[in-house]
Amino acid sequence: MATLILCGWIVLGAAVGAFLPEAGRAHFRRLARVSVVYLLFPIVVCHVLFTVPFGFRTLSIPAASVITVLGTWLLARDLGRRIFPSKNSPDRAGFILAAVFANITYLGLPYLRGIYGEAAVPLVVLVDIVATTPLLFS
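Counting with the working numbering, you get residues 2 to 139 for the letters of the sequence shown.
Derived by calculation from the structure, the hints in this document are not laboratory data. Note that the structure is a prediction, hence the values are computed from the model and not measured. Incorrect hints may have been included.
Pair ranges (Cβ atoms, derived) [as the list claims (entries may be wrong)]:
hint, residue 1, residue 2, range
1, Ser139, Leu60, 43 to 49 Å
2, Phe138, Arg31, 20 to 26 Å
3, Ser139, Val38, 20 to 26 Å
4, Pro111, Ser87, 33 to 39 Å
Even glycine gets a Cβ: it sits at the ideal position worked out from N, Cα and C.
When you get a sec, could you build the whole thing from the sequences and use the hints?
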């Protein structure tokens with residue numbers, strides 16, 4: 002992970018920065034961001050979902066995640082009412098979203114892969130894509 006960050010820093014800072022004006026560097030950064038979100042991440046998700054053996058474990062992980070997220074949502078909702086008494090407070094909504102939905106894939110995946118190895122990748126994708134994301138969008 003550190004090597005990837007270093008390579009990105011070198012490309013953006015030294016190689017691209019020397020040849021492109023500021024507008025070109027901003028475009029290159031946007032292109033890198035978009036390629037991660039719309040190309041690399043879906044490739045990882047599809048690879049994991051198509052290679053994970055289907056069984057009880059495949060269904061139990063998202064089910065446990067849904068139960069955990071809904072329970073956390075109930076706790077955060079009640080705690081948010083006590084901290085932010087105003088009914089339509091954007092701070093309360095932000096508090097609930099931050100307390101309930103973790104950034105497991107983008108921030109958590111590299112750490113979990115480093116700690117637990119490749120066995121953690123399917124778990125993270127199943128929890129995030131199959132359980133957490135549909136709850137967030139509903």
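The hints, checked one at a time:
no., hint, verdict
1, Ser139 to Leu60: 43 to 49 Å, "19 Å, violated"
2, Phe138 to Arg31: 20 to 26 Å, "24 Å, holds"
3, Ser139 to Val38: 20 to 26 Å, "21 Å, holds"
4, Pro111 to Ser87: 33 to 39 Å, "38 Å, holds"
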